Structure formats: C-alpha cells, structure tokens
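**Q** All chains should be modelled from the sequences, with the hints used to inform the complete structure.
Quick note: the sequence shown uses this note's numbering, first residue 47, plus one each step.
Don't read these hints as lab results, they were simulated from the structure.
Predicted model, so just to flag it, every value in this text is computed and none were measured.
Even glycine gets a Cβ: it sits at the ideal position worked out from N, Cα and C.
Errors might be hidden in some of the hints.
[What the hints assert, rightly or not] What follows is a set of in silico ranges between Cβ atoms, one per label pair, in the way DEER data are often shown: (1) Glu390 / Asp261: 38 to 46 Å; (2) Lys312 / Asn204: 44 to 52 Å; (3) Asn252 / Asn72: 35 to 43 Å; (4) Lys83 / Gly318: 21 to 29 Å.
[As the list claims (entries may be wrong)] In silico SDA-like links for lysine to any residue, alpha-carbon gap of 25 Å or less: (5) Lys282 / Pro63; (6) Lys266 / Ile256; (7) Lys312 / Tyr67; (8) Lys266 / Ser196; (9) Lys316 / Cys340; (10) Lys316 / Ser350; (11) Lys80 / Cys126; (12) Lys71 / Thr389; (13) Lys348 / His273; (14) Lys80 / Arg372.
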Amino acid sequence: MARRVLEAEHMGLMGIPQEPYAGEKNLTVLKEHKMHKSFGGTFSMQFNFDGSILAVGFGSGGIQLYSGTDGEMTRELRACRQGGSSIMCLRWHPKEPHILYAADTEGHIFVYNTNTGDLMTTISEQGNEINTIDFCVDGFNFATGGRDLSIRVYETKNNSLLKTFEGFNEKTVVTEKHKVGNTMRVFCIKFHPNNQYVFISGGWDNHIKIWDIRDNTGIKRNIWGPHLCGDALDMKDNNILSGQWTALHALQEYDYTSGKVVREIKYPNKDGAFLYAAQYLNPDLVFAGGSGTCKAEVIDIKTSENIGTHHLAGPVHCVDSANQGRVLAVGGISPTFAILNLTE
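**A** Below, the structure is given as structure tokens:
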C-alpha cells in the first residue's frame, strides 16, 4: 500500500536499513499493556514511519503514544472520556511525519502535533461516523469513509475538502451498474502504492471498490466478494489483500486487474476466522486477527505456515507493523494491547 512506500522513503532518508528477513523468525512480546475498563478497548493503532512511535486510539476517545523501542507510554494526546466516541482510525501525515490524524465515531478528525501534544485543528463531517482514513502515495491528498456511505477527498496543505463521492441510495440514478457507489458502511480505504489518484475501499456491501479521484463519479469498477468490518485491505504490486469477517476463506489475495481470487491464505481457526484486521508485513508475510480466535497471526503468504501468534482475551480489532514487520502491535476489545517484535 501507499504507506509502505512512504515508510521506505522515510527510513531511507534516516539511514535505517530495511533488509529482508532471512532464516527462521520468532514472534516475541516487547510490552503488554493493561488498561482500565473505562478505556473501552483498543480500536485503532499505527506506527509512525520509522517504527519509533506507536499511536493508540481507545473506545472512550483517548489517544496515547508509546515508544516502539521499549513499549513505554511517552505522551497522552487525548484523555479517555466517560461515554466518549471511539477513535476508529489513526494516520501519520506523510509530508510532516510528526503530525497525527485521528478519526472518531462522531464525524471528527483531530489533527495533533505529536512533538508538542497540541491539537492543531479539527475537521468535522456532520452526521458521519468516520471509520477510515488513508493518505495517497505523494502525500498531497487523503480520503475518508464511514457510516454515511460517502467518500470524501481532502488536500493535506490546508485540510480542505476537494471532492465528495456520494453513496448509493433510492434516489441514485444508475446508468452503469459497475459504477454504483457505496451501499453500506465503509470500513477501509487504501491508496494504490504506485498511483496517487487511485484507491480502494471496502465495507459491509461485499465489494472492493476501485476509485479514481480524477473521475467525476469517482468509482471505476467493483470486485465482488469480501465482507469487511475493519481495517482489512492492503495492496502490494498487483495484489489486493482482503481480511473478511467470514468463517471460511477469510484471508485472500485478489488480482487488481481481473478481480479474481489468486491465492487463499489459510488462517488457523477451529470456529471460524471472522477477521477485523489484515495487512502485509513485507512481501512474504501477512498479519491478521479477528473475533473467531481472538488471536493475531503472522502467516507466510506462499505456504500459509503460521510464523507466530499473539492471544488476546477478546476479539482482535486492530493490528499494525513497521520496518518489514520487525515491530508489530495488536489490540482489541479486551483491556490489553501488545507491542511485539519479529526477530530472526
């Protein structure tokens, strides 16, 4: 996805080596954090581009920063609130990597300076619940999606709204069936890793939708299949990774061009996978988790071999990683989240 390209650029500028894995791999716990039940569980997390900071968003609206090196908390950006709105998505600004965007279920996007802890601005989408944000590969635009079915595209310089692609409703005039917009809630948006104008989205309507912000209608075509309930799409080369909230066939790769399933990645489960989160760690490994097993799994893409597992006391809602998967994080409904290391 676009994030991996941006990550590689940032790490290259910092002189951080990005060597591929060689030999056997071992998943270990760097730090496991226990929270008070008032935090409402962990709903979102993302490492910054060099993996040195992990941002974590909670069900009661709190946002905290943790060290990717020792796992300790370094700053609280927003305190948890009784009855607060869940922080559903966190994204680091690609042009100003100390700036963090956080979206909640009341239609707000909070923009923080993580160096100072200051709230810089708040973007509001009235009447929406924002589930997902993603930045394009050149860092000049980002898109949002959520409950109201619309996809909104903003520019990053002033956070101004550029375009709104309306969802489908009973008043929508349909001239081309393959260009129907979202019909149910959107849970994931990911920009193309090589094209700053193209992104994909997914949600409850059982389609991966391919969008182009240069097009007046936005939607270009649909890939039928995945039922998505979280941040569970990713892109690599010509492949789309999909983590579906289904018992079987939950982790698959689709061909971007043809829309066909090109690989079934076996997810270890007995009672069904029901994935909420999935992403590529690197060209060889994926990281996914959900409510079927309450575990997050690192899996070899080609062989479906299980490389490592981390168990939570409740459903896994979010995962993230940085530096080819060397540092990882997992959280969910239970009052714990963990920062992990994948070592050789």
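**Q** Look at each hint and say if it fits the structure.
**A** Hint by hint, here is what the structure shows:
no.	hint	in the structure
1	Glu390 / Asp261: 38 to 46 Å	holds, 44 Å
2	Lys312 / Asn204: 44 to 52 Å	holds, 46 Å
3	Asn252 / Asn72: 35 to 43 Å	holds, 37 Å
4	Lys83 / Gly318: 21 to 29 Å	holds, 27 Å
5	Lys282 / Pro63	holds, 20 Å
6	Lys266 / Ile256	holds, 6 Å
7	Lys312 / Tyr67	holds, 21 Å
8	Lys266 / Ser196	holds, 15 Å
9	Lys316 / Cys340	holds, 12 Å
10	Lys316 / Ser350	holds, 16 Å
11	Lys80 / Cys126	holds, 15 Å
12	Lys71 / Thr389	holds, 5 Å
13	Lys348 / His273	holds, 23 Å
14	Lys80 / Arg372	holds, 23 Å
The structure is consistent with each of the numbered hints, conforming to all of them.
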